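J.: Residues per chain are reported as follows:
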Amino acid sequence: DTGVSQNPRHKITKRGQNVTFRCDPISEHNRLYWYRQTLGQGPEFLTYFQNEAQLEKSRLLSDRFSAERPKGSFSTLEIQRTEQGDSAMYLCASSLVELRNTEAFFGQGTRLTVV
Amino acid sequence: LAKTTQPISMDSYEGQEVNITCSHNNIATNDYITWYQQFPSQGPRFIIQGYKTKVTNEVASLFIPADRKSSTLSLPRVSLSDTAVYYCLVGMNSGYSTLTFGKGTMLLVSP
Numbered sequence: 001d002t003g004v005s006q007n008p009r010h011k012i013t014k015r016g017q018n019v020t021f022r023c024d025p026i027s028e029h030n031r032l033y034w035y036r037q038t039l040g041q042g043p044e045f046l047t048y049f050q051n052e053a054q055l056e057k058s059r060l061l062s063d064r065f066s067a068e069r070p071k072g073s074f075s076t077l078e079i080q081r082t083e084q085g086d087s088a089m090y091l092c093a094s095s096l097v098e099l100r101n102t103e104a105f106f107g108q109g110t111r112l113t114v115v
Numbered sequence: 001l002a003k004t005t006q007p008i009s010m011d012s013y014e015g016q017e018v019n020i021t022c023s024h025n026n027i028a029t030n031d032y033i034t035w036y037q038q039f040p041s042q043g044p045r046f047i048i049q050g051y052k053t054k055v056t057n058e059v060a061s062l063f064i065p066a067d068r069k070s071s072t073l074s075l076p077r078v079s080l081s082d083t084a085v086y087y088c089l090v091g092m093n094s095g096y097s098t099l100t101f102g103k104g105t106m107l108l109v110s111p
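Protein chains in written order, with the working numbering: chain A, 1 to 115; chain B, 1 to 111.
It should be emphasised that the hints constitute simulated quantities derived from the structure, not laboratory data. Treat the hints loosely; a few may be bogus.
Okay, the calculated bits of chain B under chain A, using three or more residues with CB under 8 Å as the criterion [claimed, not checked]:
(1) 40-46
(2) 98-105
Derived DEER-like restraints, expressed as beta-carbon distance ranges [claimed, not checked]:
(3) B:R77 x A:A53: 43 to 49 Å
(4) B:T29 x A:K71: 36 to 42 Å
(5) B:T5 x A:T76: 35 to 41 Å
(6) A:R59 x B:D67: 31 to 37 Å
(7) B:F39 x A:R22: 21 to 27 Å
(8) A:I12 x B:F39: 40 to 46 Å
(9) B:T56 x A:E98: 37 to 43 Å
Source: prediction; values computed, not measured. Cβ atoms here follow ideal geometry from the backbone N, Cα and C, with glycine treated the same way.
Just need the whole structure built from these sequences, with the hints factored in.
T.: Given below as structure tokens:
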């Protein structure tokens with residue numbers, strides 16, 4: 001499977017715990033995005049990377065959230081001191097911006113439930 | 001960012017053609033129009049993208065009038081598996097920019 005891979009698919013955690021999600025983009029894609037989606041809403045942008053550089057962060061990304069993309073390959077999204085409001089689907093997408101007409105490919109997401 | 005307006009939901013039957021219209025009155029000159037499809041518990045999937053006139057691929061057609069203030073996604077002969085949420089997005093080429101999703105249109109296809 002050469003698509004965007006996200007792990008784990010589901011995560012249940014207790015409030016106050018830290019969680020980390022991983023995204024493996026399509027090989028050679030230089031852009032990687034993180035989105036969050038709650039029930040009944042469309043995905044909301046959180047942050048994106050161009051290679052290993054984090055170029056933009058949404059105001060939705062509080063200081064409890066941190067994302068990394070070491071060596072411009074896979075990425076991790078960590079949430080510290082989780083709150084019930086963090087319960088959502090976390091989606092990763094990747095694209096190759098050198099292509100003239102390119103698109104963003106999404107993974108299947110990680111569903112986080114904070115209890 | 002250009003705001004989009006699309007119906008919250010639509011119903012159809014198998015074999016029918018479905019047209020979902022999206023309004024984007026303040027679309028910018030450099031903006032593209034992109035449609036994504038999303039099934040429950042899955043990430044959105046790119047369907048089609050266009051800038052003007054008509055674009056067709058193996059899945060759908062996208063009609064864009066000359067003023068580009070609206071667009072119509074056309075799904076020919078839908079099947080039950082086309083039941084999903086369809087999002088209309090306006091902005092830079094979808095691979096270059098962050099995407100701004102609205103609530104989308106929930107399409108329900110019945111037998």
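J.: Of the hints given before, which are not true for this structure?
T.: Hint check: 8 and 9 fail, others pass.
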